[in-house]
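J.: Residue numbers (our numbering), protein chains in the order written: chain A, 1350 to 1503; chain B, 1130 to 1550.
In case anyone wonders, no lab produced these hints; they're calculated from the structure.
Keep in mind that the hints are not guaranteed to be accurate.
Stated by the list, open to error - Cβ-Cβ distance ranges computed for the label pairs, FRET-style: (1) Asp1445/A to Asp1292/B: 30 to 40 Å; (2) Gln1503/A to Leu1549/B: 27 to 37 Å; (3) Thr1496/A to Asp1174/B: 19 to 29 Å; (4) Gly1274/B to Lys1435/A: 30 to 40 Å; (5) Ser1458/B to Ile1361/A: 30 to 40 Å; (6) Asp1353/A to Pro1145/B: 20 to 30 Å; (7) Gln1498/A to Ser1545/B: 25 to 35 Å; (8) Val1463/A to Leu1549/B: 47 to 57 Å; (9) Arg1380/B to Asp1353/A: 31 to 41 Å; (10) Lys1548/B to Gln1503/A: 19 to 29 Å.
Note that the Cβ used here is the ideal one computed from N, Cα and C, for glycine as well.
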Amino acid sequence: MTTDLDSLYQEIILDHYKNPHHKGLREPFEAEVHHVNPTCGDEVTLRVHLGDGPGGTTVEDVSYDALGCSISQASASVLTDLVIGKPVDDAMRIHDEFLTLMQGKGQVEPDEEVLEDGVAFAGVARFPARIKCALLSWMAWKDATTTAQLEEAQ
Amino acid sequence: MEGLLPDLEVVRKDFPILSRPMADGHPLVYLDSANTSQKPQVVIDTMVDHLERHNANIARAMHQLGAEATAAYEDARDKVAAFLGAPDRDEVIFLKNATEALNLAANTLAWPGERQVGPGDEVVITEMEHHSNIVPWQLLTERTGATLRWFGITEDGRLDLSDIDELVTERTKVVSLVWISNMLGTVNPIGAIARRAHEVGALVVVDASQAAPQLPIDLAAMPEEERPDLLAFTGHKVVGPTGIGVLWGRRAVLDQLPPFLGGGEMIETVTMERSTYAPIPHKFEAGTPPIVEAVGLGAAVDYLSVLGMTNVHRHEQVVTAYALEGLQSVPGLRVLGPLDAAQRGGAISFEIPGVHPHDLATVLDTRGIAVRAGHHCAKPAHARFGVQSSTRMSSYLYTTPAEIDALVDGLEYTRSYFKLS
């Protein structure tokens, strides 16, 4: 029992939950989205600021305000660590890798090179009821980023 | 402990699921009965027997099986009518759940007829409703130009009735409210509210989803001015199956409402130009109904009647009082809703600052304890208490004091796991 629970609540997750990185809503931003998990009521408001970088369009900032459980809060914190400063294309690949991990039913071996602290969420994939918690802010980020890119293209 | 169901251990053996082991060999501690109740063997067996030996469509098959299936379905209606103390067995309409029953009411009130709701009319609900008794009335008032109003909640989790005479007026066409709140556990004084509503000529709709499992109900014995006009509950919370719900309605009101769904079995005759409709209950039972589910519900309410709803209610109150005491011994824990077990049902929502309900539920789950975490389909009631979500334990007739002890131990463990001082 304890092992199972500890695989879900890794120290890294609890640390991010207690001291979330990049939290709070900041300016400037090109897109803001509000996502909810209708089954539990968890909510996130997330802003994305894109800019030009050496590797193409770059994620300059991700700021957010969120209400929810330890998994959803820690996941938002880890997301910002992973994508801020990265070219959008690279950040999208990280998103896809995280999504694959979450949907892998605990069978996917996470790549620490890519996911860094995100590997701590490997245990979440074995708790079907909690996968949506871990994905909430990632879905919001993808939505906001796509919207920001569309705005830019127009 | 005084007041528990006699032979509780024997009663528990009627529910096979209660003896299945959970992950890591933990016994199941099922405290999510307000969500759905567990099913006794007699309900399971009755449904299997019906499917194995009596299955046919009802009211149309001209053969022995058809006659048996029809008799079983109509027999279930008699049983539900007896369970509610319904003045007339034809007032019992079988639908798929309480949500459909409330939607039937809200939809048929939008259409032309003696009870039609229109611009300038008002519909009154309460802040402690389940979403299924909020959204249908929002749809009705949006579609008809009527106004939606509601009773607020007091700090101790009761309906604020101080402004009842300003809220329920001659403009009020419908008052729809929950008998027992699924989140706060509050038992509402539906008699007093119905009395006021009837004074102004309003229709009274009662959501009895949590009341039907817990309270002895005798509609015929209620004074007429305090009796609801329509009352909804669902089968799966009264130890019956999912897929079957009940709308009871006063015959005069059901006769006034236009049909809801059109189709087979709800007609008297059909031409290409128009149709005439069957009398109640069939008027509101279009298409092949949930037959085996109705039969299962009949067995379920029979089971409850044998135990005695007075005994079930007393058991719930004793377990709820014990739970309230145990929960309040947990440091920091705040119960949302009334603290007096005598005036509440068996659902207790609470919060522990520093631990999100999801995390709490997950930790409890690893110990075999099933509770609900989230907004319990009552977001406005949560907002009223300044919380986004809560954890809810809900007991039923098979709940033991030892299971409450296991919950309290689990909560203590959760606090230490998340290092709360």
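J.: With reference to the structure, classify each hint as holding or not holding.
T.: Hints, one by one, checked against the model:
Checked against the hint of 30 to 40 Å, the pair Asp1445/A and Asp1292/B fails, with Cβ atoms roughly 55 Å apart. At about 50 Å, the CB distance of Gln1503/A to Leu1549/B disagrees with the hint of 27 to 37 Å. Distance hint check: the CB atoms of Thr1496/A and Asp1174/B are about 56 Å apart, inconsistent with the given range 19 to 29 Å. Between Gly1274/B and Lys1435/A the C-beta distance comes to about 52 Å, which lies outside the given range of 30 to 40 Å.
At about 33 Å, the beta-carbon gap between Ser1458/B and Ile1361/A stays in the expected band of 30 to 40 Å. Taking 20 to 30 Å as the suggested C-beta distance range, the pair Asp1353/A and Pro1145/B conforms, at roughly 26 Å. As the Cβ distance of Gln1498/A to Ser1545/B is approximately 47 Å, the hint placing it in 25 to 35 Å is violated. In this structure, Val1463/A and Leu1549/B break the distance hint of 47 to 57 Å, their C-beta atoms being roughly 34 Å apart.
Distance hint for Arg1380/B and Asp1353/A: a CB-CB separation of about 56 Å, inconsistent with the stated range 31 to 41 Å. Between Lys1548/B and Gln1503/A the beta carbon distance is about 49 Å. The supplied range of 19 to 29 Å is therefore violated.
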